[in-house]
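K.L.:
The residues making up each chain are set out below.
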Amino acid sequence: MAAFTLTVNGKPETVDVSPDTPLLWVLRDTLGLTGTKYGCGIGQCAACAVHVDGEPTRSCRITIESVAKKNVTTIEGLSPGRMNKLQEAWIAEEVPQCGYCQSGQIMAAAALLAKTPRPTDADIDAAMNSHICRCGTYSRIRSAIQRAAGTTRVEAER
Amino acid sequence: MNPQGLGNGERGSVDRRQFLQIAGVAGAGLVVGIHFDEAQAATAPADFAPSAYLQITPDGTIRLFADHVELGQGVMTSLPMIIAEELDADWSKVKVERLQDNPSAWPRGIFTVGSGSVLGSWTPLRRAGADARMRLVAAAASRWNVPAAECSTENSVVKHAASKRQATYGELATDAATQPANANPTFKDPSTYRIVGTRRARVDIPSKVNGSAQFGMDVRLPDMLVATVLRPPTFVSPIVSVDSAAALATPGVVDVVQLPRGVAVVAKDTWSAIKGRRALKVVWNDATSAGYSSDSIRKAFAGVFAQNSSQSVTNKGDAAGVIGAATAPISAEYELPYAAHAPMEPLNCTVHVRADGADIWAPTQAPSQTQQIAASTLKVPVSAIKVHVMMAGGGFGRRANADVVTEALMLGAALMQRGKSVPVKLMWTREDDMTGGYYRPFSLHRLAGVLDNDGWPSAWSHRVVSQHALGPGDSVAGASNLPYAIPNVYVDVGTGAATVPVFAWRAVGHSGNGFVKESFIDELAAAGKKDPLEYRRHLLAASARSLGVLDLAAEKANWGKALPAGSGRGIAVHNNVGSYCAQVAEVTVRNNEIRVDRIVCAVDCGTVVNPDTVAAQLEGAIIFALTCAMKNEITIADGRVEQDNFNTYPMLRMSETPKVEVHLVKSTAAPSGVGELGVPTTAPAVGNAIFAATGKRLRKLPFRLV
Chain A
4 MAAFTLTVNG KPETVDVSPD TPLLWVLRDT LGLTGTKYGC GIGQCAACAV HVDGEPTRSC
64 RITIESVAKK NVTTIEGLSP GRMNKLQEAW IAEEVPQCGY CQSGQIMAAA ALLAKTPRPT
124 DADIDAAMNS HICRCGTYSR IRSAIQRAAG TTRVEAER
Chain B
-18 MNPQGLGNGE RGSVDRRQFL QIAGVAGAGL VVGIHFDEAQ AATAPADFAP SAYLQITPDG
42 TIRLFADHVE LGQGVMTSLP MIIAEELDAD WSKVKVERLQ DNPSAWPRGI FTVGSGSVLG
102 SWTPLRRAGA DARMRLVAAA ASRWNVPAAE CSTENSVVKH AASKRQATYG ELATDAATQP
162 ANANPTFKDP STYRIVGTRR ARVDIPSKVN GSAQFGMDVR LPDMLVATVL RPPTFVSPIV
222 SVDSAAALAT PGVVDVVQLP RGVAVVAKDT WSAIKGRRAL KVVWNDATSA GYSSDSIRKA
282 FAGVFAQNSS QSVTNKGDAA GVIGAATAPI SAEYELPYAA HAPMEPLNCT VHVRADGADI
342 WAPTQAPSQT QQIAASTLKV PVSAIKVHVM MAGGGFGRRA NADVVTEALM LGAALMQRGK
402 SVPVKLMWTR EDDMTGGYYR PFSLHRLAGV LDNDGWPSAW SHRVVSQHAL GPGDSVAGAS
462 NLPYAIPNVY VDVGTGAATV PVFAWRAVGH SGNGFVKESF IDELAAAGKK DPLEYRRHLL
522 AASARSLGVL DLAAEKANWG KALPAGSGRG IAVHNNVGSY CAQVAEVTVR NNEIRVDRIV
582 CAVDCGTVVN PDTVAAQLEG AIIFALTCAM KNEITIADGR VEQDNFNTYP MLRMSETPKV
642 EVHLVKSTAA PSGVGELGVP TTAPAVGNAI FAATGKRLRK LPFRLV
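Line order of the protein sequences matches chains A and B. Counting from 4, one number per residue, gives the positions in the first sequence under the working numbering. Counting from -18, one number per residue, gives the positions in the second sequence under the working numbering.
These aren't lab readings, by the way, just hints derived from the structure by calculation. On a predicted model such as this, the values are computed, not experimentally measured, just so you know. It is possible that some hints are incorrect.
To be verified - Listed below are the simulated EDC-like cross-link pairs for lysine to aspartate or glutamate, each with C-alpha atoms no more than 20 Å apart in a straight line:
#, chain 1, residue 1, chain 2, residue 2
1, B, K249, A, D23
2, B, K640, A, D128
3, B, K256, A, D128
Stated by the list, open to error - For each label pair, taking beta carbons as the anchor points, the in silico distance ranges come out as:
#, chain 1, residue 1, chain 2, residue 2, range
4, B, G454, A, N132, 36 to 44 Å
5, A, A6, B, R259, 22 to 30 Å
6, A, E58, B, K360, 39 to 47 Å
To be verified - Which stretches of chain A does chain B cover? Using the computed rule of at least three CB atoms under 8 Å from a CB of chain B, they are:
#, region
7, 29 to 39
8, 44 to 57
9, 70 to 79
10, 90 to 104
11, 111 to 123
From the three backbone atoms N, C-alpha and C, an ideal C-beta is built for every residue, glycine too.
Could you put the whole structure together from the sequences, leaning on the hints where they help?
P.N.:
Right under this line is the structure:
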């Protein structure tokens, strides 16, 4: 066990955990931020995606030691208190089914749009391909990203 | 108990006296019982209380208490829509709440399975809503001294236009409770529907977009421990020895507990539990597992065909005779591997076992069964068990099985006996979940057919050997009731035994039989040199609903329009869960790589309550089935499952996902099932398209050209 300090959603946090603890479990168990999910533990599904210094990162694959002193943003910190434009697009397109993978999906989409405000289909594939959705909401995820980016005429109704 | 976010709710325990108290309490408003199973309700014991109810409170809130579980299929929205329609309610005031369980309730609680939630709720909810509406009108009419027939309802308000008077449902609720119940209330004319059939935003979605939704994995309680279990890697190997020293020495680990099937490592937090288990040394007696493999299972199942132990389930005409006498019968063997459910949220259950009862937090598809199993496992009354139903990160059937809860309760009970009566979260890692069994069964299918001189089938024989997820009847679901107009049809089912546990997987027996029958009918069409669509249309002439979806899918897919070389179209049609579905798949094959370009799907599910939810369920089921058709299989070697995570059991990714279009046939029939409807026709539509593109017939999943 050792003490590590990092910033999470704009707030400094000091945690006393084993240095090899994946950031995922520090977020969920130590800090109680359960919006970031465990899906596989080996970086295959990206349900655990957060932003580390703005970059989309699979939190199951990095240790607390390696993110000490860095800025971490989780789904809870993406837009505290209100839904942002991307989240509103997600709701308008009725994207989630079970919802378990969606935090990671939204974090990746947010990072994509921050870098590439008008992504092409290929940009979306590249950014989102590391994310698994077992309920099969991929096409709606794509529509929500395009809706938030303003790159597709929105369908009036399905 | 997690206060923030949206869970599925909790179930406690209420007996008939308490139910009447709820109904009679000052301020309770109007309470109407709901009977989901009329036949069972008719034979209820004398002291029964309804297993669900509707309450309209004086502030106008409309609460539906029912047992259905939200898995992302939208029931928390669809069920209130049905009530709101018949009640003529303000939609924004209708909420679903978790039922307070009633151990003397008749019938028992609901399993959220079998695509049955809307189907099973349609009439009971409308009856309750219509009864409540009529009583509210009666209360207003009595208050204003006018005929009820002159009153109208809209948006939670009763109006008497002639005297320009109105009152809200909240204002009338208490008086309505004194009005007599209507045994056969008048239902609304569907042409006047304002809510059913319209797109309503799903109430569970916002919490799934901001991280606040509470899944079983998210449970956090004071003093809670976290455990993982090392289970026999071969499903059957007994423990020879356990060396727990290194596990117990791992920081954070508080105990190691042997369970009937495995060894639990219990710790203060998840990472410690995972590391502690890595340090656990267990020796298993797996002497019987050497050489036990998918190959040996296949051989054993194949041997059953010759054993004369198969049970005939369909025997129309004399298929055996016609096939035996034919000069050139067409025959084929199909195979389906084990398939894992692989929900995104791995299995888990949190329990707090005490001497006098228990609390259970579980993402379960069967809350009432969970409560009853807990009572019998712990030998306490059902009223001593409280089930908190959490959001489930995918179910697909796996979360209706009692094994997860039972194991957690045994651990909780063992810890209590050791003086640790605290909540414990038993979590399955992805590896545990994937290698943990209860798969869709392995099955072999032997098909034979004979064509008459015009190329139409005169005989069809389908022999199934399966491990039976739910019994032999389910293993021939969709096969035994072959809808094609063939004069001689024989179907039988044999039991293949294996040590790999199996259970219901989305669409259950229909998933395998849909693939097999829709592929073999395609083989016969090819042998008869006829177009696959026209072949099916001819043989399904008596099934208007089959024709309806076939024609709609074919039309929207431009069936018959030329495709470039290397591309092909395939079609399939099937019915399950009371509904009909046809799919047309377009694939392109290049260098033996199969790319699914587009899937067009037509659905007849009767009256559509929430059209977007129906579309989403079909889109999702198609991706689910396509993943199984193209990407993965569970295989066994030396008794062990060879796949343990998404690197070896890959999932379809966004870039591989075809365009999927869903078209709904308009219908005023009662709603029928949707959740599992999209599965059976996906694999055969794709397989038939591969045949059209390449001339190669693939009879095994996942599809491989080399």
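K.L.:
All the hints need checking, so say for each whether the structure fits it.
P.N.:
Consistency of the hints with the structure:
1. B:K249 / A:D23: holds (16 Å)
2. B:K640 / A:D128: holds (14 Å)
3. B:K256 / A:D128: Violated. K256 of chain B to D128 of chain A sits at ~35 Å, over the 20 Å cutoff.
4. B:G454 / A:N132: 36 to 44 Å: holds (41 Å)
5. A:A6 / B:R259: 22 to 30 Å: Since A6 of chain A and R259 of chain B have Cβ atoms about 25 Å apart, the given range 22 to 30 Å holds.
6. A:E58 / B:K360: 39 to 47 Å: Given a distance of about 54 Å, which is not inside 39 to 47 Å, the answer is violated.
7. 29 to 39: holds (count 8)
8. 44 to 57: n = 5 at 8 Å, threshold three: holds.
9. 70 to 79: Contact hint for the region 70 to 79 of chain A vs chain B: holds, 3 residues under 8 Å.
10. 90 to 104: holds (count 11)
11. 111 to 123: Answer violated; 0 residues pass the 8 Å Cβ test.
Checked against the numbered hints given earlier, this structure breaks hints 3, 6 and 11; the rest are met.
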